[in-house]
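> Residue numbers (UniProt numbering), protein chains in the order written: chain A, 1 to 289; chain B, 1 to 289.
None of these hints come from the bench; they were simulated from the model. On a predicted model such as this, the values are computed, not experimentally measured, just so you know. Take the hints with a grain of salt, since some may be wrong.
[Unchecked claim] Chain B is faced by these chain A residues, among others (derived, beta-carbon under 8 Å):
hint	residue
1	53
2	81
3	152
4	256
[What the hints assert, rightly or not] DMTMM-like cross-link-like pairs, simulated, lysine to aspartate or glutamate; straight-line CA separation at most 25 Å:
hint	chain 1	residue 1	chain 2	residue 2
5	B	173	A	223
6	A	277	B	267
7	A	173	B	251
8	B	277	A	268
9	A	173	B	32
10	A	277	B	84
11	B	277	A	208
12	A	277	B	268
13	A	277	B	92
Every residue gets a Cβ at the ideal spot worked out from N, C-alpha and C, and that includes glycine.
Protein chains: 2
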Amino acid sequence: MTTHINKLAIFGVGLIGGSVALALKQAAAVGEVVGVGRSRANLDAALKLGIIDRIATTAAAAVQGADVVLLAVPVGQMAALMLEIAPHLGAETVITDAGSTKQDVAALMQQHLAAHLPNCVPGHPIAGAETCGAAAARAGLYQGRNVVLTPLPQSNKAALEKVRALWQACGAKVSEMPATQHDAIFATVSHLPHLLAYTLVDMIARRDNADTLFSFAASGFRDFTRIAGSSPEMWRDIALANRQALLNEIEQYQASLEQMRIALTAEDAAALEATFKRAQTARVRWSEE
Amino acid sequence: MTTHINKLAIFGVGLIGGSVALALKQAAAVGEVVGVGRSRANLDAALKLGIIDRIATTAAAAVQGADVVLLAVPVGQMAALMLEIAPHLGAETVITDAGSTKQDVAALMQQHLAAHLPNCVPGHPIAGAETCGAAAARAGLYQGRNVVLTPLPQSNKAALEKVRALWQACGAKVSEMPATQHDAIFATVSHLPHLLAYTLVDMIARRDNADTLFSFAASGFRDFTRIAGSSPEMWRDIALANRQALLNEIEQYQASLEQMRIALTAEDAAALEATFKRAQTARVRWSEE
């Protein structure tokens, strides 16, 4: 499917929002891209890099006549932003976002964009990175990556297809599922690993001999803990936004870890090897896919 | 310090042992390298690649006249190997190893190399990798890497200096500590992360929707779980060999994780952010060192 967006308004022209703009431009799938953000320096950089065509200084000017509005800001800023844009949205303007959690964004839309729900389609591009800012944006970021859309009960088909086409034009594999399922999946494969990595690094950092410990940490530790270098504020918000699902995952992980502790206490070589072997097989199969 | 080894006997010519040979040859620090191993195909490859100069088919022939014997085999094979070489060791032959745990190797030496303890110096090069076999060996593997030596109470100074010089000739940073301290440090920064990664991947692999979960896992998950692709047999042995220290780490991690669960249950944003922030700061500082 080809799509064309005459005017795209991006709130938050960082890695995520900026890369959407670059990808759509490369695909000749967008006319004008207007950027809005809290950092003027970042917007100036985005303009200079050709990511956006114009800076809008008010929400009204940004959404005026826009086919699509992309909210690519931290979830913590989403409510205020929705309140700001709501009065200015056109009848046909489609609203989507790029947040890492979806039940909370859906609830905010229900609350703050009540008159526009048929045009709202929450989404989550799976392409995080520790880098941020417009300078990190690149056209290929979404190539072959997953984007999950979690339509509201009220979302209409035209809006859903518009957002799907936008991401497909960026090269992404688009799937669709209920927000609850999305949040459960990402609690398992993303939010839990982040929390586990943060917990390990903090445990070590608080020790008296932390410097010695870190000085002997090697490449396995480096990879395992890379995600503990992620933004604390962002991950605090994600953890809280997806609290129930994440608590469920933590509890299941605690049960699994306790089984390992019991096996090791009992010197149960077979149980340890069986677990390690199942994990290794699954990990190798996954990495080869 | 310059060193010269006239004859080096390597038991286990894989990534670890093979890379020692290549590094010493590149540094012109070794005369003849003799290789012994269970796989003839691997030894033939090592010979062809110039890693070893000769294949020995008996332990006696291998250690005959050797200045240094390097035991680079899995810890599980160490006892049998020590029994095999013990009758053939010369009075001046220095014996070292490359195992990931050190109290167990020290105990095996005390038991099986009792007549040679002054010449025994256990060691651990911190340069693991998931690849293995002679073909994976490379001269630069130890460049700038840590090697920890854990001398026995009986180890003499000449043997210690010989082993230290060997690793320095490979480009490694050599340090020295008691085996108990070594095992505690690596329980924290290596063995625990491996166990945590295996536990997560296994937990996911056992679920009914494992395929769906893995299909949405992205780069953060890939890095976090890379070490779960390591050899199950090797890590079973490491976990058992370092059982007490690893159990201690698991218990401390369980306590830390429980604190995170409590903070999240209580929606304690400040506690979550404080932990994430301490971890991020420590992780970023470490990665910049």
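> Each hint should be assessed against the structure and marked as holding or not.
A quick look at each hint next to the structure:
Against a cut-off of 8 Å between C-beta atoms, the interface hint on residue 53/A is violated, since the closest Cβ of chain B lies about 30 Å away. With its C-beta approaching chain B no nearer than about 20 Å, residue 81/A sits outside the 8 Å limit, and its interface hint is violated. Interface hint status for residue 152/A: violated, as the beta-carbon distance to the closest one in chain B is roughly 21 Å, over 8 Å. Residue-level restraint check for residue 256/A holds (minimum Cβ-Cβ distance to chain B is 5 Å; threshold 8 Å).
Between residue 173/B and residue 223/A the alpha-carbon distance is near 22 Å, which keeps this suggested pair within the 25 Å criterion. Distance restraint check for residue 277/A and residue 267/B: the Cα-Cα separation of roughly 37 Å exceeds the 25 Å cut-off, and the hinted pair is therefore not satisfied. The straight-line distance between the Cα atoms of residue 173/A and residue 251/B is roughly 41 Å, outside the 25 Å bound, and the hint therefore fails. With a C-alpha separation of about 37 Å, the suggested pair residue 277/B and residue 268/A falls outside the 25 Å cut-off, and the hint is violated.
With a C-alpha separation of about 56 Å, the suggested pairing of residue 173/A with residue 32/B is violated against the 25 Å cut-off. Taken as a hint, the residue 277/A and residue 84/B pair is broken in the structure, with Cα atoms around 31 Å apart against an allowance of 25 Å. A threshold of 25 Å between alpha carbons decides the hint, and for residue 277/B with residue 208/A the separation of about 18 Å falls inside it, so the pair holds. Our distance criterion of 25 Å between C-alpha atoms is broken by residue 277/A and residue 268/B, whose separation comes to about 37 Å.
The straight-line distance between the Cα atoms of residue 277/A and residue 92/B is roughly 42 Å, outside the 25 Å bound, and the hint therefore fails.
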